[in-house]
Each structure stands twice: as structure tokens, then as C-alpha cells.
Amino acid sequence: MNIVVTLKQTFDTEAKIVIDGSGKIDAAGVNLVINPYDEFAVEEALKLKEKFGGEVTVVSLGGDKTESSIRTAMAMGADLGVLINDPSLENVDEWAAAEILAKAVAQIPYDLILAGRIAVDDGSSQVAVRMADALNLPSVSSILKLDIDGDKATVIREIDGGSETIELSIPAVLTAQKGLNEPRYPSMMGIMKAKKKELKVLTLADLGITAADVASKMTAPKFSLPTPRKAGKMIAGEPAEQAAELAKLLREEAKAI
Amino acid sequence: MAKGIWIIVEQTKLEIRKVSLELLSEARTIADKTGEPLVAVILGKGIADLAKTVAAYGADKVILVDDDKLADYTTGAYTSALNKIIRKEEPQAVLIGNTAIGKDLAPRLAHRLGVGMASDCTGMEYDEANFLKFRRPVYGGKAFSEVAANARPVLATIRPNTFPVAAADESRQAEVVNEAAEIDAADLRAIVKEIALVASARPELIEANVIISGGRGMKGPENYVILEACADVIGAAVGASRAAVDAGWIDQKFQVGQTGKTVSPTLYIACGISGAIQHLAGMGSSKVIVAINKDPEAYIFTLADYGIVGDLFEIVPLLTEEFKKLV
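Quick mapping for you: the protein sequence lines, in order, are chains A and B.
Per our numbering, the first sequence starts with residue 1, numbered consecutively.
Per our numbering, the second sequence starts with residue 1, numbered consecutively.
A few of these clues could be false.
[Stated by the list, open to error] Simulated coverage check for chain A against chain B, where a stretch passes if three residues somewhere in it have a Cβ under 8 Å from a Cβ of chain B:
1) 39-45
2) 138-148
[Stated by the list, open to error] In the SDA-like style, the derived pairs of lysine to any residue whose C-alpha atoms are separated by at most 25 Å in a straight line are:
3) A/LYS230 - B/VAL309
4) B/LYS69 - A/LYS233
5) B/LYS61 - B/ALA181
6) A/LYS233 - B/ASN209
[As the list claims (entries may be wrong)] Taking CB as the label site, the calculated pair distances span:
7) B/PRO296 - A/THR210: 31 to 41 Å
8) A/ARG229 - B/ASP32: 28 to 38 Å
9) B/ALA167 - A/LYS16: 21 to 31 Å
10) A/LYS197 - B/SER200: 30 to 40 Å
11) A/LEU32 - B/GLU297: 40 to 50 Å
It should be emphasised that the hints constitute simulated quantities derived from the structure, not laboratory data.
Ideal Cβ placement from N, Cα and C applies to all residues, glycine included.
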């Protein structure tokens, strides 16, 4: 069973966000990691490979630094890597990212595509689902459990207020939610092996498209920083006084109760 | 010719979700400003009676797509049916709540239509150049991004609790149109076998007006009854931090934060939660934050509107009694 995992490199969730002089998010000095939800996708792919055999290919869209995250996935156990790295790409919106990834994925033999349900940087939660549409594949978002039987997948998906069980044909695109598995740490042996694994770097031309073909549908984002919340009132006194005062403030001042 | 602002109205067991009413209320003001009609689209089975409700909340027109194949939500069937109707009617904008369904449907539909989309928006306003511009938190709320679409229609999902629900006007009438669901066979490759909803009298976490949440300071699973008792007095939902979920004290579906739910309630009461950046990513847009924590140095106190340094096992039951006097 051949599995493709689409992976995004993101800022560490602890990263301080700074806007640079040109209005962009400043990546200088920021620790870059595999998007946490994509780690669940990598882990699930590796578990399926252990069960059914086949190869796991990690596909990513990004710059030179993204190679380190692909190597990390390889150190976990992924076999191959593909990085689409093209300097002509600017303001890649979700539509464009999905189109580019779909073109790259279409060149790889696959039985299943896994991705994270959301990236913790732009938080848009669009690209994997859009890619499914571009590839004309069924998709299920936010899965908590996956069973494969022949060409049929049974998944449990998280919904508001509960969960649902969905049966679908594969190939399909499934996006991973926390709870699907516990991602493994790369072993020392894995890290050594990863250095020798094949990582193909492709440009848009290699995929037979131009930057104009994937011109963004959305305006370039204008970033701003939120006004920091300030510390409010500390309520002192004995516990009974504190509770009474808080209830009173919530009713009369905050009008929140 | 004005082609309208469309709201995809979500219903659970034939009850319209609160976030859909929030979107109708806010879009009504944009409809009034622009002269665009406000259109509510409802998909499902046996949904005709819901038209009256969406009319009362501001819809000028209601499109009903009633079909057996739409009884349970599936990505494919809903995308297929909506794609055809939207291509025919050419609305300016299509909005849905940032819910489990909205997050799944909107990107697939946007791609089928070949258009842009803004996800999980916490702001939306009329824009002369691009019809609507959207404000959305990025990097877990540590920055905001303002975006608009270069072409119509634009799709967007809006975070629940972003906009207030306006008062219903039962005298309002809307034109009601039935549209057939044209669903391609290729869009029927996924079948819902079972839906397991957790029976709870408490509101759904992402839509709740008030959330009382417990973290590491809860000390064990048995202690959540303290929060539940308080929640039930004020009609709140119960939440948790990652520390409590990872400790196995409470199910992951209650987790608020970067790897859990993103919530935006009027009031968020954080009990025994230190306020890690990943937790703030999930609740930082709450309107009023209360922190109850033993540790006076807890980070959460630097951003809480009201703070109590104290033992939550003492404070919360007392607070529950105080709330009983108020409600």
C-alpha cells in the first residue's frame, strides 16, 4: 500500500510573532517544525506501511528550510520525499497550494493520501480538502480512527457534539485529528538512514505549470498584531468574599452572566 | 442585478444552529447596506418548516434542497448539490459557520467552484473593491490576517460567537424556493454508517456563551463534577486544557487550545489553568476571561479580566452558590 502524506513546515507553536518592515511575518530566528497535525498523518502512514507494506512518500510545498522537516519525517520512517520549491511562488493561497500539491501527488503511485486537519500557522484548514477535489478523490476531515480493508476505508470522524463512522472507497484524502495516534520520535538509526533517502526537489516547470497558472484567488494577506490583553482586577479576600465579589462583577460590570 | 449574500444554514435534528442565526443577523446588516438580497440555503431531509425561522432572522429568500441523500451530511453530496445551484445563481458571497461541517464543506466547495475562501474569520465587513473583506486570527491568535477575494463568489467560514444574534421578527416573510439536489455519482463515494452524539444538556463547546474550563489544577478526573455543577447553574459548557486531557482526566473533545477546540465565548472561566500559549490559541478571543488559580505567578493572570488567587476546590463551589442567587 503506497501512501502519500502532504506535510507543511510551520513555526513552533511557542514562536513569538513579529511583522517585518514589508508587512510580512518575520521568520528570522524562528524554530521550524513539522506541523503538529501532519505528524499524526505521518505516523498513521507508517503504521499502515508496517501492516500492509508499500512506500510512504512525503510531499511538501516550501522553501529550502522545508527539507529539514521532510528529513525528520524520513527519520520517523517515510521512504521518499518530494519538495516543490520554486522561487517564483509568492502569495500562494490555499487554492494555489492545493493545485500545486495535486499536480505533484498525481505523479506518485498512491492508494491513500493523508494530511493534518489544519496547519497551526495560517490555520486555514483548506489545502488537503481542496487537493482531494483537484484529484477527484473522496475526502473525510478530522479523523480519529482509520481501518483499511481492501479498497474500503472505515473512519471515525470528529463532529460537533460527537463522532460519526464513515465508510468510503480508497484512494481518498483523509485529514488527521489529534487522537488518531501518538507520533513516534525519530530513532538515531532512523536519522542516519534518512540522510540517504531520496528527496526530489521540483519546480513548477517540473510539474508542467507556470506561476500564472496558479495565480492566487485571494488578495495578499495584510498582517497585524492583536492589542495585548491587559491584566484586569485581582479579587482579594476570604474565599466566600472572593466568590461573591466575582459573581457580582460578572453580573454588574462585565454583564457576562 | 444583485445576486445576494448566501448563508448555508446548518441544522442538527431539524434545529437551526446558533452560528447560522449569528451569520444571518450580521449578513442582514450588510444586505441592508449594499442592497444585496440575503439568501438562506438549507440542505437536508424534511426541512421545509425551517424556512419560517430563517425568514424571522432576516432572510429575504430561502432555498430548500430537500433530498434523502442529504439527510446526513457528507462532503461529496453537499458539495455536488451546492456547486450546481451556486453556479446557476451566482451569489456574491457564501458564508457558513466554522463548524465541523463548515470546515469540511467550504474548502471542497470553494475548490469545485474555483474560488478563494477565508477560514475561521472573526471579522467581516463590506469592502468597495472586493465586496467583503475578512479578518482572521493566524498563528494561534498571535497575529491577524486581513484578506479578500479577487473574484466572486467568495466563500468564508465564520467562527461561532463572533456576531450576536438579532431579535427574531416573526412577521418577516421570505420567498421560498425548492431546488433539486443534483448529485454526481462520483460524489457519493462516502457513506455515513453511524452518528454518535454524546447526550448532553450542556451547550456545544464551540457555540457556548459561557465555558468553565479545568486544567492541571483539577488534580483528577473525579473533580470535574465541581465544574459541571457550576456549568449547569449558568448554562455553560465544560472545557479542559491539554494537560488535563493528556493526563486522561477528561475526553479530548473537551480540549480547548491549539490542538483542541477554538472557542470564543462571552465568558471563559479558567480553573487551575496556567495559560500556556497553546491554550490561549484556543480561547484568546473570549470576551471576558476569569482565572482561578493557586499560583499567583500563573501566566493566565496577566490577561484575565478578573483573577482570584485561591484554591479552585474552595472557590468554584462557592461561586456556584453565588450564581444560584443570580439566575
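Against the earlier hints, flag every one the structure doesn't satisfy and list their numbers going up.
-> 1, 4, 7, 9, 10, 11
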